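Taken in order, these protein sequences are the chains called G and Z.
Sequential numbering from 652 applies to the first sequence in our numbering.
Sequential numbering from 652 applies to the second sequence in our numbering.
You can trust all of the hints, since none of them are fake.
Because identical chains share one entry, a pair is satisfied inside a single copy or across any pair of copies.
Computed cross-link-like contacts, EDC-like style, restricted to lysine to aspartate or glutamate with a CA-CA straight-line distance of at most 16 Å: (1) K845 <-> E818; (2) K845 <-> E722; (3) K701 <-> E808; (4) K701 <-> D806; (5) K701 <-> E807; (6) K701 <-> D804; (7) K701 <-> E691.
Derived by calculation from the structure, the hints in this document are not laboratory data.
All values derive from a computational prediction rather than experimental measurement.
Protein chains: 2
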Amino acid sequence: MGWEAILYSDPMSSSLPPEWIRQQSRELLHTRVFDVRASEFRHPSRAEGKEFLVIDAPDWAVVAPVTPEGELVLVRQYRFGAQQLSLELPGGVIEHGEDPAVGAVRELLEETGYRGAEAEVLGWVHPNPAIQSNRAHLIVVPDAQPVEATDWDADEELSLTLAPIDEVLAMGRSGKITHALMLNMLFLLEPWWKQRARERGTI
Amino acid sequence: MGWEAILYSDPMSSSLPPEWIRQQSRELLHTRVFDVRASEFRHPSRAEGKEFLVIDAPDWAVVAPVTPEGELVLVRQYRFGAQQLSLELPGGVIEHGEDPAVGAVRELLEETGYRGAEAEVLGWVHPNPAIQSNRAHLIVVPDAQPVEATDWDADEELSLTLAPIDEVLAMGRSGKITHALMLNMLFLLEPWWKQRARERGTI
Numbered sequence: 652m653g654w655e656a657i658l659y660s661d662p663m664s665s666s667l668p669p670e671w672i673r674q675q676s677r678e679l680l681h682t683r684v685f686d687v688r689a690s691e692f693r694h695p696s697r698a699e700g701k702e703f704l705v706i707d708a709p710d711w712a713v714v715a716p717v718t719p720e721g722e723l724v725l726v727r728q729y730r731f732g733a734q735q736l737s738l739e740l741p742g743g744v745i746e747h748g749e750d751p752a753v754g755a756v757r758e759l760l761e762e763t764g765y766r767g768a769e770a771e772v773l774g775w776v777h778p779n780p781a782i783q784s785n786r787a788h789l790i791v792v793p794d795a796q797p798v799e800a801t802d803w804d805a806d807e808e809l810s811l812t813l814a815p816i817d818e819v820l821a822m823g824r825s826g827k828i829t830h831a832l833m834l835n836m837l838f839l840l841e842p843w844w845k846q847r848a849r850e851r852g853t854i
Numbered sequence: 652m653g654w655e656a657i658l659y660s661d662p663m664s665s666s667l668p669p670e671w672i673r674q675q676s677r678e679l680l681h682t683r684v685f686d687v688r689a690s691e692f693r694h695p696s697r698a699e700g701k702e703f704l705v706i707d708a709p710d711w712a713v714v715a716p717v718t719p720e721g722e723l724v725l726v727r728q729y730r731f732g733a734q735q736l737s738l739e740l741p742g743g744v745i746e747h748g749e750d751p752a753v754g755a756v757r758e759l760l761e762e763t764g765y766r767g768a769e770a771e772v773l774g775w776v777h778p779n780p781a782i783q784s785n786r787a788h789l790i791v792v793p794d795a796q797p798v799e800a801t802d803w804d805a806d807e808e809l810s811l812t813l814a815p816i817d818e819v820l821a822m823g824r825s826g827k828i829t830h831a832l833m834l835n836m837l838f839l840l841e842p843w844w845k846q847r848a849r850e851r852g853t854i
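Okay, chain G solo, but in the shape it has when bound (with noise of 0.2 Å):
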């Protein structure tokens, strides 16, 4: 039995939790990383509308950038919300109209000097659908080389180093990456890789 089946057979699931409707939005605070709003919501059949929080920001791109050799390229960097370091791949904010997989090459380029070959987006995220509007674009560029020289923003001082895949998969597993979309890429990286591995009939 399908998934569908199991949602719509349930009995606990035999109605669907209403859909508010987005009203009217006032903003509250404007920023150049995020803006944040108080949204009315109108509930669907009670005569009711309420205020929620909504924190707009463009959407976000992670990179898998896979070497020939079958490793990763991650970066180490200060992290301001967190305040410490933080061992991730690549990403960085989609332009408005950007095509999410070209903003994706252009970050991984200008973050680490690398380009690979044609860019497979495997899938997307809402980094929190409660409180954000946004998406983060999980992205893979498979045969990543160094190609040309870093061009990294202000206040933007990387730490480059490579490891294997599967060495990845068990940093993340083990708490060594603790940056949520980073593990959201790896979660769908990790088939992407064995196909791929079965596919060259190296495993």
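With chain G fixed as given, assemble chain Z onto it according to the hints.
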């Protein structure tokens, strides 16, 4: 060669990036869900201070309630950030000073009416270390079973459903679950579940 060796033997990563030092903060926005602060950070070697945005919020918990039949208890609810219905695991906010496992069990009971055997912390993530200071704890509750009626917060209208863990893993990898923190839970739950199945001799 272990990953530590790779990191520090690689010429690209011969030096770690700088760790800035947080100085005073000023509050830009206070809400019932999170606060936004502009925090001044000082660079450790450059004679330079600069303000960065930090979203401070309580820690969160994501709960994987595993039934004796090997199913997960899922909740579907409207999410005001993404402005759509979202299929998720239970979870919520850890109260100040509360043990994450205790908070997870409390949230599970309130949201679903389920309780289980002793909760097990699989790990934690930074939801977004670039701009958020808090953590999300990933907690599994084995042998989860319905014991009482739900106790929803105002505006919390959920539909519950059950699905086998393997189905939920497939849903997570095919875009039917898009909440980043739920996918983090699945990433850590997969090896836990395989290990448990091996111990029970069911695979």
